[in-house]
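Visitor: Spelled out from the first residue to the last, the chains are:
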Amino acid sequence: MSQAPFYVSPEQLMKDRADFARKGIARGRSVVVMRFDAGILLLAENPSPTLHKIAEIYDRIGFAAVGKYNEFETLRQAGVRYADLRGYSYDRTDVTARGLTNAYAQTLAGVFTTESKPFEVELVVAELGLSPETDQLYRLSYDGSVIDETEHVAIGGQADAITASLAGVRSSQMTLREVFNHGVTALGAATQTILATDALEAAVLDRTTPKQRTFRRLDDAAMSALRED
Amino acid sequence: MAGFPPAFLSSTSNSFVELARSSAPEALPHPSVRDLAEQSPEGTTIICFRTASGILMAGDRRATIGNLIASHSMEKVKAADDYSVIGIAGTAGVALDLIRLFQLELEHYEKIEGARLSLNGKANRLAAMLRGNLGLAMQGLTVVPLFAGVDESRPQGQIFSFDVTGGKYEEHRFHSIGSGSGFARGALKKLWRADLDHEQAIAVAVEALFDASDDDSATGGPDFVRQIAPTIFTVDLENGVTEVESATVLDTATEVVARRTATAR
Chain A
15 MSQAPFYVSP EQLMKDRADF ARKGIARGRS VVVMRFDAGI LLLAENPSPT
65 LHKIAEIYDR IGFAAVGKYN EFETLRQAGV RYADLRGYSY DRTDVTARGL
115 TNAYAQTLAG VFTTESKPFE VELVVAELGL SPETDQLYRL SYDGSVIDET
165 EHVAIGGQAD AITASLAGVR SSQMTLREVF NHGVTALGAA TQTILATDAL
215 EAAVLDRTTP KQRTFRRLDD AAMSALRED
Chain B
733 MAGFPPAFLS STSNSFVELA RSSAPEALPH PSVRDLAEQS PEGTTIICFR
783 TASGILMAGD RRATIGNLIA SHSMEKVKAA DDYSVIGIAG TAGVALDLIR
833 LFQLELEHYE KIEGARLSLN GKANRLAAML RGNLGLAMQG LTVVPLFAGV
883 DESRPQGQIF SFDVTGGKYE EHRFHSIGSG SGFARGALKK LWRADLDHEQ
933 AIAVAVEALF DASDDDSATG GPDFVRQIAP TIFTVDLENG VTEVESATVL
983 DTATEVVARR TATAR
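In the order they appear, the protein sequences are chains A and B. Residues are numbered in the working numbering as their position in the first sequence, beginning at 1, plus a constant of 14. Residues are numbered in the working numbering as their position in the second sequence, beginning at 1, plus a constant of 732.
Because the hints were derived from the structure by calculation, they are not lab data. Only a predicted model underlies this, so the values are computations on that prediction, with no experimental measurement involved. Heads up, some of the hints might be wrong.
What follows is a list of derived Cβ distance ranges for each label pair [as the list claims (entries may be wrong)]:
hint, chain 1, residue 1, chain 2, residue 2, range
1, B, 918, A, 106, 37 to 45 angstroms
2, B, 990, A, 145, 23 to 31 angstroms
3, A, 182, B, 860, 54 to 62 angstroms
4, A, 107, B, 754, 39 to 47 angstroms
5, B, 980, A, 41, 52 to 60 angstroms
6, B, 959, A, 63, 20 to 28 angstroms
7, A, 182, B, 754, 22 to 30 angstroms
8, A, 106, B, 903, 31 to 39 angstroms
9, B, 846, A, 226, 36 to 44 angstroms
10, A, 63, B, 754, 28 to 36 angstroms
11, A, 225, B, 986, 45 to 53 angstroms
12, B, 888, A, 107, 34 to 42 angstroms
For glycine and all other residues, C-beta sits at the position ideal for the given N, C-alpha and C.
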């Protein structure tokens, strides 16, 4: 006689998956993405100099992620493929963060509901506008939900603590130096440590560059020059 | 499932051309009519040589269809990425598509891998793209590029020429391609030295292109009426790829013309 199949209610199933994904993400270190007066700063606590959490997707689009490396790396590469193919088929200005975010949201939601395990990742897609008012920050969760933010956005295990310590900071009015130091302080406060510069990874989308590709990594020397603590 | 096509998530390739071939073949160029060749604009003289600090590449701006001038302002030399340049002689439509595809191929690799290709790697990749284009070459739409650049292992720079079958050859001093290349190369044989500084190099480039335009109807000289100067790019490890301002090139061209007028040659 065969065994009676287990019944799991959809609510329970979704809750279990969400808990699983959240646990995986909570283990990782955090990333914060902040607008400043001349661009967007992407800042991560990341001791590895080569396994990046922050990356370039396209001319004006940056990507930041936390969670399982192989999963967000797959998503990053898919984003680069999406952007390059779209820019080649149409025009470079037709690649938008909104379109990319939609594709990420659909993929994350599809995996969350149909695959045996959800992606244990959170993402930020940032687009540098031609003018500051048109900057865009999107935060994507493991289940495909999307939130758009106006000033700054944090993801990862200590996201809530970082957001709390940055509450009220109008970063889009500040210079890169001020925003960088706010970011480092908030990342450090969330883990109650003082972060060494070589444990940080940072990049900017720079509105002032004459180049088409605005993404630029900040090396340790550039970060040390910006730090005031 | 909506979102990314499955191939975007499962692909292990870092080549844009391979991605486009499998996911969107309609986006790649492939004209197939045999007698297109007579009606397509063609590109003309590109020169490239070593300088004291790196590489200089220059090209004229004229495109022709048979005996007609199709364009006075075509740019046939472009930056391939931050440390290399590409110039193309041949059927203009295919040439410009190939440049755009090659630029994207390098950018795509850099973003996927998080590191730049070596200069030799870039040249090999270009050779492979030309081999993929062999069908078009057979139909008469031939495109021959000249590729040059610098990288950390070769800060003095390297120049590569190619043939339509994808053969890749390193040039050690100077090289030129296109219908006026013979005249330009003759000029370079007399004028080129290994220790040319920035200003001298620009003057040599303008002289060589002037000679090509003097004797080849499909190569354009400096155009003082429309203020169109030849395209000149320099590459070195310190500054990367820089385009020389067209005002500077026109000033140099004015001096060259004055010098030649004085000696009537």
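Visitor: Within 39 to 47 angstroms: is that where the Cβ-Cβ distance between residue 107/A and residue 754/B falls?
Guide: 26 angstroms, violated
Visitor: Confirm or reject the claim that residue 918/B and residue 106/A have a C-beta distance inside 37 to 45 angstroms.
Guide: For residue 106/A against residue 918/B, whose Cβ atoms are near 40 angstroms apart, the range 37 to 45 angstroms holds.
Visitor: Quick one: are residue 106/A and residue 903/B within 31 to 39 angstroms, going by C-beta?
Guide: Since residue 106/A and residue 903/B have Cβ atoms about 32 angstroms apart, the given range 31 to 39 angstroms holds.
Visitor: Between the beta carbons of residue 959/B and residue 63/A, is the distance compatible with 20 to 28 angstroms?
Guide: Hint violated: Cβ distance 48 angstroms, outside 20 to 28 angstroms.
Visitor: CB of residue 63/A to CB of residue 754/B, is that within 28 to 36 angstroms?
Guide: 33 angstroms, holds
Visitor: Regarding residue 990/B and residue 145/A, is the given constraint of 23 to 31 angstroms on their beta-carbon distance met?
Guide: Distance hint for residue 990/B, residue 145/A is violated at roughly 47 angstroms.
Visitor: Can you tell me whether the CB distance of residue 888/B to residue 107/A sits inside 34 to 42 angstroms?
Guide: Holds, since residue 888/B and residue 107/A (Cβ atoms, about 37 angstroms apart) stay within the stated range.
Visitor: Is 52 to 60 angstroms respected by the C-beta to C-beta distance linking residue 980/B and residue 41/A?
Guide: 57 angstroms, holds
Visitor: Look at the Cβ atoms of residue 182/A and residue 860/B and judge whether their distance stays inside 54 to 62 angstroms.
Guide: Cβ of residue 182/A to Cβ of residue 860/B: about 55 angstroms, so the range 54 to 62 angstroms holds.
Visitor: Confirm or reject the claim that residue 846/B and residue 226/A have a C-beta distance inside 36 to 44 angstroms.
Guide: Taking Cβ atoms as reference, residue 846/B and residue 226/A lie about 19 angstroms apart, which means the hint is violated.
Visitor: Using the C-beta atoms of residue 182/A and residue 754/B, is the stated range 22 to 30 angstroms upheld?
Guide: 49 angstroms, violated
Visitor: Per the hint of 45 to 53 angstroms, is the separation of the Cβ atoms of residue 225/A and residue 986/B within bounds?
Guide: At 31 angstroms between Cβs, range violated.
Checked against the numbered hints given earlier, this structure breaks hints 2, 4, 6, 7, 9 and 11; the rest are met.
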